[in-house]
Amino acid sequence: MTPYKRKTYWNAPQMTAWERAYLPEILRGLAITSGIFLRNMGRWLTGRKGALTTYYPEETRADYAPRNRGKHVLTQRPDGKPQCIACNLCATVCPAKVIEIEAGHDPADTAHPKFPLRFEIDYSRCVFCGLCVEACPEDAIRMAKEVPGLPAEDRHQMWLTLDEMLHWQPQRDVAKPYPATAASSTTDGDRSRP
Amino acid sequence: MKQDLLVHAVFIAYAVLMLITFGTVLTWVERKQAAVMSDRIGANRAYIRIPYTQIKLVWLGLFHGIADGIKMLVKEDFKPRTYDAVAYAVAPWVVFTPVLLVFGVVPFGGLLDPGRLFPALAEWFGGRTYSMQIAKLDAGLLMVFAFSGLTIIGSMLAGWASANKFSLLGGLRAGSQMISYELVMGLTVLGLILIFGTVDLDAMVRQQSGVTLGFLPAWGIVYQPFAAVLFLTAAIAENKRIPFDLPEAESELIAGYYTEYSAMKMGLFMFAEFIEIAIIGALFATLFLGGYNLPYMNDQGFSWPGGGTWALSHGVVVVTQVLVFLLKVLVLCSFQILIRWTLPRFRYDQVLAFAWKFLLPLALANLTLTAVLVWSHHTGSPG
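So the protein lines, in turn, are chains A and B. Letter by letter, the first sequence follows residues 1 to 194 of the working numbering. Letter by letter, the second sequence follows residues 1001 to 1383 of the working numbering.
Isolated chain B, as found in the complex:
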């Protein structure tokens, strides 16, 4: 029992630390990537001076994130005279908390055997093994959707409780947009559930470590390339970033439901947005890109499609899996930032038409096709 507690405390600390680091570093990545994409240099003026010297550490503008954080913390916390002060104060947390909770079921590594990793502790652990995720739930994917659905309430709460017309419009937009895309997201993932026959994310990743069609890694994107594109689109729309940032469309609504928020409450919204980029990356990697595994890799090592294997020690496998997961998430985050700085914003009727007239029929068609294929596969081959 104590062992479980220790291991899970380590997992939770790792996950929280990872998400917060991602949230902070992504602000820098976003600035710099956008700058390099558009032939600029990017923010590079914030520095830390080593005390008693004139040595100024700039580090490519990495400290701008800290400067932002300090600014958010010491700014005046302006409160509008609203009829619902409680909802106003609670809304940022309702947005922020579910975003963190979603990561609870995402596996960030394979099977961990602490006894093999640290032989000195082998006796204490007594052969217990843990899959590297905070909560090993059979209903993993369902929990993801349950919690990501909660952020809608937060945005709408913020819009209603601000007592501001622009906020209200932003909240309404956020609500209708997120509910529409939530639907598309769920339908795209249903195809994967049909194929893998489970909603447990760890089991999904394990199934993706195999080989399909003789040589391709059995990744979700190979089975469901179409669903992968739809999922990513819907997920970016869920996150309300450009090209889907209609809820905060600053040229129309000032800042949408953020309008009346300032200081760290505003910071929480922004932080939640950046963490959600990482969460979307993690979910996409887990569902479609084989999660924490490299192609042809499993918990024992590599097994090549030709039939050969390359066994690796447990420590190497664990470290590789953790690093590969981080790398995949980082690349996917960078891809989302690329999309954000490339595409122009939709008009609001276009956003909803895109969801209901374009993505939803496609997702339904994809689901039908998958269902037919899975059904014919199962009836064709007994067992």
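Only chain A is shown next, with the shape it has when bound in the complex:
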């Protein structure tokens, strides 16, 4: 039986005697890590952060893009009613099928007799694609750039209700004053966001 011969590799590390002596290289490594430690501790003690991490949800980044598709907002008419006419176009186009609308009938409001009794979005499944905003014929749903309060303890708490979408960041639909006038209903191009 031939004695075991250790295989040699073409890329076996070539170490100098200095590196083989363990201690100098170990000290160099320790100097690097302790240097980073001291630098970060210095930043901590002077009130800056040592890490790039953002403490979401307590902190949000300031550099969100202005066109970021964030939390949904339902626009209101001047009297505070939702602009939504419960046409279900958004719920139809939604690829994640997260929008649930229950329509109500208000015969007193002749211009918009149909209105949403319930308008709910399941944020545990929403993909933030923005198709609902594009599909809406009434500019009733928009997306703000922030997403506050997204984390929840369980998925049943992640349903966004009509009330929250109307009121967490109320937006008036300036393009469509109510009651609708002939002049305003034709100027569809100017939909500046407040």
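Calculated from the structure, these hints are not laboratory results. Any given hint could be a false lead.
[As the list claims (entries may be wrong)] Okay, derived cross-link-like pairs now, EDC-like style, lysine to aspartate or glutamate, Cα gap no bigger than 20 angstroms in a straight line:
#, chain 1, residue 1, chain 2, residue 2
1, A, 145, A, 109
2, B, 1056, A, 163
3, B, 1165, B, 1084
4, A, 49, B, 1039
5, A, 7, A, 25
6, B, 1056, A, 59
7, B, 1357, A, 63
8, B, 1056, A, 102
9, A, 5, A, 25
10, B, 1357, A, 19
11, A, 5, B, 1349
12, A, 97, A, 120
13, B, 1071, B, 1273
14, A, 145, A, 63
15, A, 7, B, 1349
16, B, 1136, B, 1349
17, A, 81, A, 109
18, B, 1071, B, 1039
19, B, 1357, B, 1182
20, A, 81, A, 106
21, A, 114, A, 102
22, A, 114, A, 139
23, A, 81, A, 163
Starting from the structure of chain A, add chain B where the hints point.
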């Protein structure tokens, strides 16, 4: 007699409390230090809510240790169907107990004179003095090695009794690794024993409060800088932490001899590991860094190398010594954590080769050199 009992009860309570606090706080220190070292923030989500309010105390994640403890306590205590249930149940305690016992001979302060500290009790104490350690044994260092050797049995017992191949491999690794490094550790300390001429840790610390070469504090690290490095290396290897955590190498052995342990039995192993960090710190401080004394300090106060002295009252000295000891231990613990989060793990053959081919010859050379120097010193100067 009653006085002795009281004082030693206080010492024991202090030591146990200190070790357990260290064991708990070090989990937090380890997390946070590792995080800061690697540009992270570290665990900071566990909180305690003040009842009936929405005020949540986070305190930089200090409560994660408590959360861990509660988790360990309420988890299912899974028991494998092993042939040796007794050894399986006993093993964590065999690891944990010697770690606590080692601290029994480590002095955490100088001479305590309760009569001078509390004049009202002076009559009762009748001038008795105590050196601040639990057991003042002449064989101090020998006891340290005797008890730290016992933890090997615990690890191997855990490996054997778990009835698991991975545990067995881990136990075997732990046994061979710890025995190898135990040897190196003993040989490095022999040099100090030659120089100080004693194995009593308190006497060693007293000798280190002097001055050598005119101005340097007579610390062990000044006499034996080489042995200090070797000792610390061997001690970290004894504790089986990265870069020497081969017995539990999770990428190869799941968790080594911990594999079949769960709940608080596992917690005991981890707790023993963290307490051992503090013990290594305490031993290193005692042997090489002048123990509980600041440089140039002794039980009376400071005596500067130039010849001047600065006498301090007994109370100030006692408090300073206790605090200095804690500080030294904390810094050394932090240094060990720094090593643990900096160096990558060895391969197993490298660990044993490192012990037998690198550390052992160096330790022997160091010992020989020390012996020759001590011998020439003693023959050169009579007396």
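Against the structure, the hints:
no. : hint               : verdict
1   : A:145 with A:109   : 33 angstroms, violated
2   : B:1056 with A:163  : 28 angstroms, violated
3   : B:1165 with B:1084 : 15 angstroms, holds
4   : A:49 with B:1039   : 10 angstroms, holds
5   : A:7 with A:25      : 26 angstroms, violated
6   : B:1056 with A:59   : 17 angstroms, holds
7   : B:1357 with A:63   : 57 angstroms, violated
8   : B:1056 with A:102  : 39 angstroms, violated
9   : A:5 with A:25      : 29 angstroms, violated
10  : B:1357 with A:19   : 16 angstroms, holds
11  : A:5 with B:1349    : 16 angstroms, holds
12  : A:97 with A:120    : 11 angstroms, holds
13  : B:1071 with B:1273 : 18 angstroms, holds
14  : A:145 with A:63    : 11 angstroms, holds
15  : A:7 with B:1349    : 15 angstroms, holds
16  : B:1136 with B:1349 : 40 angstroms, violated
17  : A:81 with A:109    : 11 angstroms, holds
18  : B:1071 with B:1039 : 28 angstroms, violated
19  : B:1357 with B:1182 : 15 angstroms, holds
20  : A:81 with A:106    : 12 angstroms, holds
21  : A:114 with A:102   : 10 angstroms, holds
22  : A:114 with A:139   : 16 angstroms, holds
23  : A:81 with A:163    : 11 angstroms, holds
Going down the numbered hints, you'll see the structure goes against 1, 2, 5, 7, 8, 9, 16, 18, while the others check out.
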